[in-house]
Each structure stands twice: as structure tokens, then as C-alpha cells.
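The lines below spell out each chain.
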Amino acid sequence: MSTAVNTQKKGGFLAGTANYLDERVGVAGILKEFGRKIFPDHWSFMLGEVALYSFFVLLLSGTFLTFFFQPAMTPVIYDGVYGPLKGAEMSIAYASTLDISFEVRGGLLMRQVHHWAALLFVAAAGLHMLRVFFTGAFRKPREINWVVGFMLFVLGMAAGFTGYSLPDDLLSGNGLRIIDGMIKGLPVIGAYTSSLLFGGEFPGEQIVARLYGLHILLVPALILIFIVIHLFMVVIHKHTHYSGPGRKDSNVVGYPLMPVYVAKAGGFFFIVFGVIMLVAATFTINPVWNYGGYDPSPVSAGTQPDWYIGFLDGALRLAPSHLEVHAGGVTWAWNILLPMIVGVGFLAVVALYPFLEAWVTGDKREHHVLDRPRNAPTRTAIGAAGVTFYAALWAGASTDLIATNFLLSLNNVLNAIQIILIVGPIIAYIITKRVCLSLQRKDREIALHGRESGRIIRMPHGEYIEVHEPLDAFEQYKLVDFKDYQPTLARPNAQGKITLRARLRAGLSRFYFEDRIAPVSQGELDAAHHDHAPAVTEAPKKKAVTAAKKPVAKKPAAKK
Amino acid sequence: MAFMKRNLNGSRRHPMAAILVIAAGLAVSGGGYAAATAAVESTKPVTAAADAAQVDLGHKLFLANCASCHGKNGEGSANAPSLIGVGAAAAEFQVDTGRMPGQASGPQLMVKPVQFTGEEIDAIAAYVGSLGPGPAIPTDAQIAANGNATRGGELFRINCAMCHNAVGAGGALTQGKYAPALTHTKADHIYEAMLTGPQNMPVFNDANLTPTDKKDIITYLTYVQNNPSAGGYELGNLGPVVEGLFIWIFVLGLIITITIWLGAKSN
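Heads up: the sequence lines are chains S and H, in that order.
Mapping of the first sequence onto my numbering: residues 1 to 560, in sequence order.
Mapping of the second sequence onto my numbering: residues 1001 to 1267, in sequence order.
Be a bit skeptical, because a hint or two may be false.
Straight-line C-alpha distance at most 35 Å; calculated DSBU-like pairs for lysine-lysine [unchecked claim]:
hint : chain 1 : residue 1 : chain 2 : residue 2
1    : S       : Lys184    : S       : Lys32
2    : H       : Lys1177   : S       : Lys184
3    : S       : Lys497    : S       : Lys483
4    : H       : Lys1060   : S       : Lys86
5    : S       : Lys478    : S       : Lys364
6    : S       : Lys37     : S       : Lys364
Everything labelled a hint here was simulated from the structure, so no lab data went into it.
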């Protein structure tokens, strides 16, 4: 500390401030820890950042909106500037939304900023989840962080839905009515739950104020807490990186937070903010004035939820009708319960997938180098199947728009999507897996024999050969450096029994790793290079030695 | 080159003369035609004899264009309904929007380019109207957009929005049928459609929606047609599905492009 005091005199104001803070809150230690955190450079690592920045924009614009929004359902006669609603009876909530749109300076822009940012928040989070899934970034030690991220995604949907319902216009009221119907579809508890939620019969005079409380207090607070946990875990785990020379599970290759990433990420925040502002200033979103105040009798054609609730709406639309069963004195409305089970079940599978894969592989190692999607064919295929399933549910929510805009029959569109929902994921799985395996085979070929150059040479003895150009070390590394798994066998436990659990695990392991392309081993690489002209020098070999340490051991299995 | 030479030789005519002559000719003939048409229009006789002549012309047009399906006297056939008693309003709606004469069978007749002049359409409507008592073509006063837009909006949401969408963006019906968008529909067609219930649309007669109600609805729709969204480009007024597509494809697409730019190694 005494040395710090000495430097203070030389350093002037900045150093003085730094020293002042350091002596009181130990800022040097914090900066040393956080400021030297290394982040790798890749575009796909910025998707989560987009979601984070959208959340900041949501906080700012949302705060502005709370200044003017009044969450009450007391009826008033509208006397604002919007002509086609002048004199109409509506709730205070809707009237204040109209006032924000037409009379508060910058209000409409802020409403649109808030809504576009909300759509972007969930979309960016979803894309970030897909990146994490397909690169295997959820593997040990990051399984818990995957679940935290999943919670953020679900909370994003909750925040979005509670916000969507606040203006109390026809569209949001229709959306709430669907939720009310789903709640009432629950046997036994449904009617009571609905009554408690709405404070009586739907729509009542409570729901907007209640959703407002959730929307501006509980849900954002939870999101903030989970974001802090999420980012804290990123710091604890250090960031993952793609494979390349010198990139290992034990290191991170990139730039430090201070000053490179602070500048980069800070700039990126303003870019995301700018894009949101640009879109909000030029494109209408949720023109509430078109829909009129909520009235339970009218329902507008083309009533849809925001995109992130679309898959649940689609599930409802795709469910076969006439599934009600009367049993035990209650009605089991399976046409409502089934979609709820499908929707919640899908989300549960997403949340638990890392644990499932870890159990099947039995891999307890830490993974900090990301997989190329093709090098985990079964996972990638499962992901593609999941995306297809979700997309089919999602498309189900827009059957009417697909029908009118492409001049198709609504019924045919619905039936087609019902079929796609079941068959699509299977086809997507098979195609994706085959594509991955073929790409791996191609990589193997290129790693062993280089790229075809198109140059044909005639040898002195008359033979024609095509010259293959050897890869440089970087490319070679990418092609040969991946972890190889093999199916495990069901082994007897301590009592000498093969349990059902072990059998299931062995079966799943076979499902995952039966079809596989072994990584190129050092031996194969040497053999391949000896066949060719000695033009291939040691440079790629040297890299391959470090890369192929593990595969060498597994070579016998690979050959059979 | 010839044009250059003439100029150098000191031509008698200015090079622009030909263009001027053509322009003058066009103005005289076009203006004359317009004036003549206007004169004919203004002196259109409202006499019984003229009516008879109009119905006669309508009958001829009907025989030539409609009778193969609707029957020589509009009595209908296996392929098309009887037109006796549908009224002039129905005929004008169908023909003036181009839906009739129908060209292809399908779930619903589509709007297509109108096949007749205004005069011919009036004649056909007069003929169909003469077949039996039915709704007449609304007067200009009935369709004037000077009613109560607030009330019209409310009536529209209660009676029309479930098929046509809250802003008249259209919507799907079963088996390939649909409620068309009303974003460009003219006031007289809106009125006639309510009155006659074309295709899958129910009839909203004067007991159901009074002429004042109809006027209010037209006032509301005209307001929506003439006043673009205060929030910027409307994305077709199709609601959250289009907004979702837009955020995924364009906004996220733009942001990913930027991330790729940021993530690129500087050379």
C-alpha cells in the first residue's frame, strides 16, 4: 500500500482515484480478476450479448413507459386525439396506452422500442441456446449454466406474455382468453385457479394490475438475478473456444476483457441499441389503436400471440378435436391438456438434455473446446429434430395466414402441419445424421490426402496423377482434433446383475455412437503422407501429433 | 444526322414542331372525348324509355356473358344460382369487382381485372335488378364516409372482425375459402357486400345493420384505408406472426451480420 501512495503523487487524478478505490474496496484485485478474463473472438459468441443488451434496452424503455401507463381496468370514455376511438368506452389501461401512443412525446417510439426489444431479447436468447446446443457448450462443467440460461428463456417468455396482456386491447384480451381457457381445461383445479387469477369471472377488473405487478417487478427481478448468475458462471468456467492450434481444454485463446472486450462489447451495445431504435422508428409493432378496447364478445381474425408463445398456440391448434373424456365426474379436455403436455414436455427435454447426454456418454471430463456440429452427429441430428418439431408447432400458430397468403385450404394446411409435426423430426434426424457423417468422411479424406488441386501430372513412367495440396497446420488441426466416443456395453454391477438401467444406457449409447467416423490417427496420417511425394513436410505432422494423442489409443476399434 | 443537317441548312420547321403538333392533337382529341363523355354522362336520360334501353343492353350482355351458367333468363342452373331477386346491388358488386364473370371454379371467386365498362356494368345491374325485387345499388349519400368512425369501428369489431380481421386485413375460412382484405375495397362495394352477402359472407340486411350502421362501418374502414399507421411501415397489418418473422429474418439477420463483422479478424 505504501508503494501505491508513492505512485499516487506521480499519477495525478486518475491514479489518485484508483488508489482511493483500491484502498477502500480492493478494486485492483477485482480488476485483476475480471479485467484479465480472456474472451475468444467469434461472431457466434456474441448472440447472448445481443439478448443481454436487449434486456438493458427493455429496462430503459420499460421504465419510461411506467411513467405514463396506468394498470387499471376501470371503464372510462376515451377523449384523446385518436379519431376512430373518440367517445368509446374502454379501460384506463387501454386509454393510457393510447395516450402513450398519441399524446406523450416520444411515447409511441418508446412503446415500439420496448416491444421490438422484447421480441429481439427472446429471439437472441433462443439463437444463443441453439449455438450452445450445437457446439456442445453445455457439457461439463456448464450443465447448470445451461439450466440457468433455459430459465432465462422461459422467464423471457413470461415477461413477454405478461407485457403483451397489459394494454387491454382486443388482441391482448383474446390472448388472455386463451390462457383462461387453458387454465380452465385443467381438471378439478382449473376453474378455481382461473377464478383466483382473474379475481372472479374472466375478464374481471383485476388481471391487468396483477400482470403489471408481475411484469415490472417479479419477472424482471428474476431475469436480472438469473443474468447475474449466468454471467458469473461464465467468469467461473471461463469461456469456451473453437478448436485450433494451441487451443486446449486447459486454456482460452482470445483477448482480455480490459481493454479489448470492454471496448468491443460497449460498442456492440450501442450497435444493438441503434438497430432496435432504427427498427422501432420505422416499423409499426402492435398497433393497439387498431384493435379497440377489450370486449369479450369480438374475436379478430388473425389473432396470434407474439412469436415466442407461438409454439404453444400452434400446439393448441394442431391438437385433434373431439378428445374430451368424461371420467370421475370431471371432463378431461385432452384437446387442451395434450398440447399443454407437449409444450411443457418439450421445454423439459430442452432443460434436461445436458444431463441425459452426460449420462449416456459417461464422460466426466471437462470440456472447454467446442465441438463442430458434424463431429457429434447424433446430438446435431437430435437438435435438428427438435428444431423441426418446434418449427412445426410454431408454424401451427399461423395456419390461417399461411392459408390466405398462399391461397391454400386452411384444413389442408392444418393437416399437413400435423403430419410434419410427427414425421418431420424423424426425417430431419435421419438427414442431419447422414449429412454429418458424410461431412466427417469428407474431412477425413481431406485431412489424409489434402485438397484436390485440379493439376494433373504425368509421371516419367506414364502414369497420370492429380496433385493434392497439403493442408496448412490450422486447417489440419480443425479436421483431426475432436473427441471420439464409442458405444459402451451394459456391464454387470457389484452384485453381478445387469440392471435395466445399465441396459437402457447401453442401448442409448449404441443409438448415439454406433454410426461414427473415427478421427484421423497419427499412424494413418503418416501412412497417407508416405504414399505421396515428400512434398508434405513436417509442419502439419507436428500439429497432428498433439492433436491425435487420444485417437491413437482408439485406433484398433476404428479399424474394424 | 439528317436532323442535324436540316438544322445547319436553316430548316423551315423547328425540330420540336412535330412533337408540339402531336401533343396538340392528343390534347384536342382526348379532351374532346372527355368533354363528350362528360356531356353524355350529364345528359343521361332518367326516363323510362332510357331505362328500358339500358335493361335491353344489359340483357344482351347477360346473354353473351352470363347466361351459359345463370340461364337465359337468370333462372340459374346446376352450376350457378338463380339471379331472380338478388337485386342490382349483387350484380354490380360481383361484376364491378371483377369476380364475375367467373373464370375458374374453386373454393371462392377471386377478384380480377374488371371485364366491362362502367356503362355496361350499370346495364347488367339494371337487367338483373329487373328480374325481381331485390337490394338496389346504394346512393352516394348512403355510402358517404361521414358517419361516426368510433361507432363504426365497434360495429366492425363485433360483426366483421372475426373473418375480416380488426383492421380489415382479411382472414382464412375453411376449405380454401377466405374473407378478403378490405384495405382497397371501395365504399359502394362494402355497402353492397353487407346488403347482399356475396359468396361466404352472411347478409347484413337493414334490420340487422341499419343504413346508419353501414355508413358508420364505411366511415371507419375509409379512415383506416386513408390513414397509415402512426408507428411506421405496417408490415401488412397482419399482427404478431409477421412481426415475429421480421425480427427473426431482418433484425436478427442484420445483427448477425454485424457480429460477423465484429468477430472478423482484422487484417
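Notebook entry, point to check: Taking 35 Å as the top limit, are the C-alpha atoms of lysine 478 of chain S and lysine 364 of chain S close enough?
Noted result: 23 Å, holds
Check: Does lysine 37 of chain S pair with lysine 364 of chain S here, judged by a C-alpha cut-off of 35 Å?
Finding: 25 Å, holds
Next item on the list: Take a quick look at whether lysine 1060 of chain H and lysine 86 of chain S sit within 35 Å of each other, Cα to Cα.
Entry: 50 Å, violated
Next item on the list: Starting from lysine 497 of chain S, check that the Cα of lysine 483 of chain S is at most 35 Å away, please.
Entry: 31 Å, holds
Check: Given the proposed pairing of lysine 184 of chain S with lysine 32 of chain S, does the C-alpha separation stay at or below 35 Å?
Finding: 55 Å, violated
Margin query: Against the 35 Å threshold, does the CA-CA distance of lysine 1177 of chain H and lysine 184 of chain S hold or violate the hint?
Written below: This hinted pair holds, its Cα atoms lying about 32 Å apart.
Checked against the numbered hints listed earlier, the structure breaks hints 1, 4; every other hint is satisfied.
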